[in-house]
Amino acid sequence: MNQNRSGSRPPADPRAQSGWQTPAPRTLLEVRAGETVRIRRFSSAPPAWQERLLAHGIAPGCVVRVMQHQPITVIQVDHTELGFEHDVARVIEVEPL
Amino acid sequence: MPAESIALVGHPNVGKSVLFQRLTGRYANVSNYPGTTVEITRGAASFLPGVMVIDTPGVSALPAASEDEQVTARVLLHEPLRAILQVGDAKNLRRTLLLTIQLAEMGRPMALALNMMDEAEARGLRIDHQALSARMGVPVLPTVATRGAGIKELTHSLIHVTPPHFEMRYPEPIEQALQELCSVLPSSPIASRALGLLYLSRDPVAQTWIEQRADVATQSRLNQKREELQHALQQPIGAVIQQARLAWADQTVNSVITSRAKTDARSAIGAQLGRLAAHPLWGLPILALVLYGMYWFVGVFGAGDLVGLLEENLFGEVINPWVTDLVHRTLGQSLISEFLVGEYGVWTMGMTYALALILPIVTTFFIAFGILEDSGYLPRLAALTNRLFAVIGLNGKAVLPMVLGLGCVTMATMTTRILESKRDRLLVTLLLALAVPCSAQLGVVMGMLASVSFGATLWWAGVVSLVLLAVGWLAARLLPGERSILFVELPPLRLPQASNVAIKTLARLEWYIKEVVPLFLIGTAILFALDKIGVLPWLIETGQPVVSGWLGLPPEASAAFLMGFLRRDFGATGLFALESAGLLSPMQIVVGMVTITLFVPCVASVMMIARERGVRTALGILVLIFPLAVLVGGALYRLLSLLGWS
Chain A
1 MNQNRSGSRP PADPRAQSGW QTPAPRTLLE VRAGETVRIR RFSSAPPAWQ
51 ERLLAHGIAP GCVVRVMQHQ PITVIQVDHT ELGFEHDVAR VIEVEPL
Chain B
1 MPAESIALVG HPNVGKSVLF QRLTGRYANV SNYPGTTVEI TRGAASFLPG
51 VMVIDTPGVS ALPAASEDEQ VTARVLLHEP LRAILQVGDA KNLRRTLLLT
101 IQLAEMGRPM ALALNMMDEA EARGLRIDHQ ALSARMGVPV LPTVATRGAG
151 IKELTHSLIH VTPPHFEMRY PEPIEQALQE LCSVLPSSPI ASRALGLLYL
201 SRDPVAQTWI EQRADVATQS RLNQKREELQ HALQQPIGAV IQQARLAWAD
251 QTVNSVITSR AKTDARSAIG AQLGRLAAHP LWGLPILALV LYGMYWFVGV
301 FGAGDLVGLL EENLFGEVIN PWVTDLVHRT LGQSLISEFL VGEYGVWTMG
351 MTYALALILP IVTTFFIAFG ILEDSGYLPR LAALTNRLFA VIGLNGKAVL
401 PMVLGLGCVT MATMTTRILE SKRDRLLVTL LLALAVPCSA QLGVVMGMLA
451 SVSFGATLWW AGVVSLVLLA VGWLAARLLP GERSILFVEL PPLRLPQASN
501 VAIKTLARLE WYIKEVVPLF LIGTAILFAL DKIGVLPWLI ETGQPVVSGW
551 LGLPPEASAA FLMGFLRRDF GATGLFALES AGLLSPMQIV VGMVTITLFV
601 PCVASVMMIA RERGVRTALG ILVLIFPLAV LVGGALYRLL SLLGWS
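From first to last, the protein sequence lines are chains A and B.
70 is the number that this note's numbering gives to position 70 of the first sequence; each next residue is one higher, with no gaps.
639 is the number that this note's numbering gives to position 639 of the second sequence; each next residue is one higher, with no gaps.
None of these hints come from the bench; they were simulated from the model.
The reader is advised that the hints may include incorrect statements.
[As the list claims (entries may be wrong)] Quick list of simulated restraints, FRET-style, between CB atoms:
1) A/S44 / B/G549: 39 to 45 Å
2) B/T208 / A/G61: 30 to 36 Å
3) B/S465 / A/R41: 39 to 45 Å
4) B/W282 / A/S44: 32 to 38 Å
5) A/R40 / B/L631: 50 to 56 Å
6) A/S44 / B/V184: 32 to 38 Å
7) B/R169 / A/G61: 42 to 48 Å
8) A/S44 / B/V615: 42 to 48 Å
9) B/T155 / A/R41: 42 to 48 Å
10) A/R40 / B/V615: 47 to 53 Å
11) B/G614 / A/R41: 38 to 44 Å
12) B/T208 / A/R41: 50 to 56 Å
[Stated by the list, open to error] Far from chain A, some chain B residues (derived; all Cβ distances over 12 Å):
13) R42
14) A65
15) L93
16) L97
17) L98
18) G238
19) V240
20) Q243
21) L309
22) F487
23) L490
24) L506
25) E541
26) P554
Heads up, the beta-carbon is just placed ideally off N, CA and C, and yes, glycines get one too.
Put together the whole structure using the sequences plus the hints.
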């Protein structure tokens, strides 16, 4: 939970869908594997997904580590690894630590 | 009415079933795959006479998202519970507490077993369980269920368990709504505050429970309150409630964990292997190896070698001649003896089928499945194949039943239980019945096609795959409900314990003998009756014009198709006999093999479909598959003729 990586901003991800360069990933899908980020919000997700995320202890403010994106996105929260489809990762907004 | 019970409730993979065994001395399903314990297991508590222990399917949290979770919610709302025992994963305390809050709010006597304490300690976590107990208002007992540590203290605590002293406050709008709800909600076995929270977060089980007990006026009032609250909040009510709970859980975790892990150095190998197994590139050879190993063990060794040994040698040459002789000597050539040992005899067909043909397949299958379950590999398998199954409106969890279908469609139909929604189960059941050839059939089909040409094999595989994809694609769009997105926990890869796999296999075999074998006997009895009243010969005769006219096959093939319904491999074998007699051309072989592969599965799998999905669904699937198989076969006949085949 407390791996501090303050200041080190992950480089922009080629998967970022907007045309211009972004200094930091904005959604979980843009976070590179191995990076740790803080969840900002996922309020645009369908309620069922929101509840599922919350049920697994993933909430705004919570720090997660992205393990991989292929074939599905896998993140580590506490001592659990969770995998979900890119559609879910795309609606989870994140911020650097 | 059942006796008072203690319900074991907890997340998937926290050792509930092992703890259940410790508390009852009886076996339950232990697994690594989230949500395998679909059926509830009950056992007498060894420490409290007259009290039952219920093992419930794993839940992440309520509201119930899957059918498994709904079962657990139903237990909590409907069963006469003496106590709730939450089983939690000590190393994932935050997530555990999220559920503890919900359960404690229900106001029923409860205790929390903090299980897998050894794994938490190995990761450097120290938990002050007394402080935790004080904060949550429930007894907290550290345990290591696999080693039996902490069980004595746990049972002692369960004997004297009392309702929890727990109260946490939600954001003001929710508190206000709750207050109004509580005054109108019908009285329930759980605290009305907890029921109100479930209702507000749209839990389907709570919703139904209320609908059955409250009058229409009350219901519309409740609904109106909920809509007003939703309107006032920015986010879904359920999300707001869960966030408040998470905040509470976070505070609690920070105050009771006295030391934290730095890295997980200890499980490095398991973690590495786990990562490789879910890797987009390296995962594929591992996947191929696992699937091939499974196919070899169940399909080749079980369905081939063992079945050959039991069916042909033991039953065919020793047991059945002896039984037939015995029956004939005691009963003579009567209808009863024909019922027992005739062509469709309960013993010669039903029992032989159940014990010599299916038993070896299910035994090898249960062993292989048990190993896969306990290894933690299944969710990774789902992750790797997810994209493929997305095409036909499914998610990666469907891979297991589909691959197992190549071994035995009947057993594969049973494993559709691991799928989350009714829609997914129905879809996979349909595809299995239609387009997945079982190992017995596959052997004959491959042999015959190989005798024609490699191109013939390609035509067969291509047409069957095309039908599979087309029907899957179409059915996924026609069936009501949405595709369920893949969302899985990836537990660490573990080496399965032989004893655990063995116990589990035995318990499942017991289930097979008690529940499935009777299906074969009933199925045989029905066939016997159909044969006696002349329906079977009539069917063969009625089918002849279709078989020779539309499919372009010799009339004798009609009987082979009917036999194919009794047993899929019989159908193929029947055609094989025709080929040996020189009655089939290469084109007829391809058409015949495609039709028989798409044809209805064997009678045993029909019984299994009826058991798992209901009689109406089974009939519906039959009505869909019969004409479809014939239609595709006939179309292929015409296409191949056009291409110059003969």
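Against the structure, the hints come out as follows:
no. : hint                       : in the structure
1   : A/S44 / B/G549: 39 to 45 Å : 59 Å, violated
2   : B/T208 / A/G61: 30 to 36 Å : 34 Å, holds
3   : B/S465 / A/R41: 39 to 45 Å : 43 Å, holds
4   : B/W282 / A/S44: 32 to 38 Å : 34 Å, holds
5   : A/R40 / B/L631: 50 to 56 Å : 54 Å, holds
6   : A/S44 / B/V184: 32 to 38 Å : 33 Å, holds
7   : B/R169 / A/G61: 42 to 48 Å : 19 Å, violated
8   : A/S44 / B/V615: 42 to 48 Å : 44 Å, holds
9   : B/T155 / A/R41: 42 to 48 Å : 44 Å, holds
10  : A/R40 / B/V615: 47 to 53 Å : 51 Å, holds
11  : B/G614 / A/R41: 38 to 44 Å : 43 Å, holds
12  : B/T208 / A/R41: 50 to 56 Å : 32 Å, violated
13  : R42                        : 26 Å, holds
14  : A65                        : 6 Å, violated
15  : L93                        : 8 Å, violated
16  : L97                        : 9 Å, violated
17  : L98                        : 6 Å, violated
18  : G238                       : 5 Å, violated
19  : V240                       : 10 Å, violated
20  : Q243                       : 5 Å, violated
21  : L309                       : 40 Å, holds
22  : F487                       : 5 Å, violated
23  : L490                       : 4 Å, violated
24  : L506                       : 31 Å, holds
25  : E541                       : 52 Å, holds
26  : P554                       : 48 Å, holds
In this structure, the hints that do not hold are numbers 1, 7, 12, 14, 15, 16, 17, 18, 19, 20, 22, 23, in rising order.
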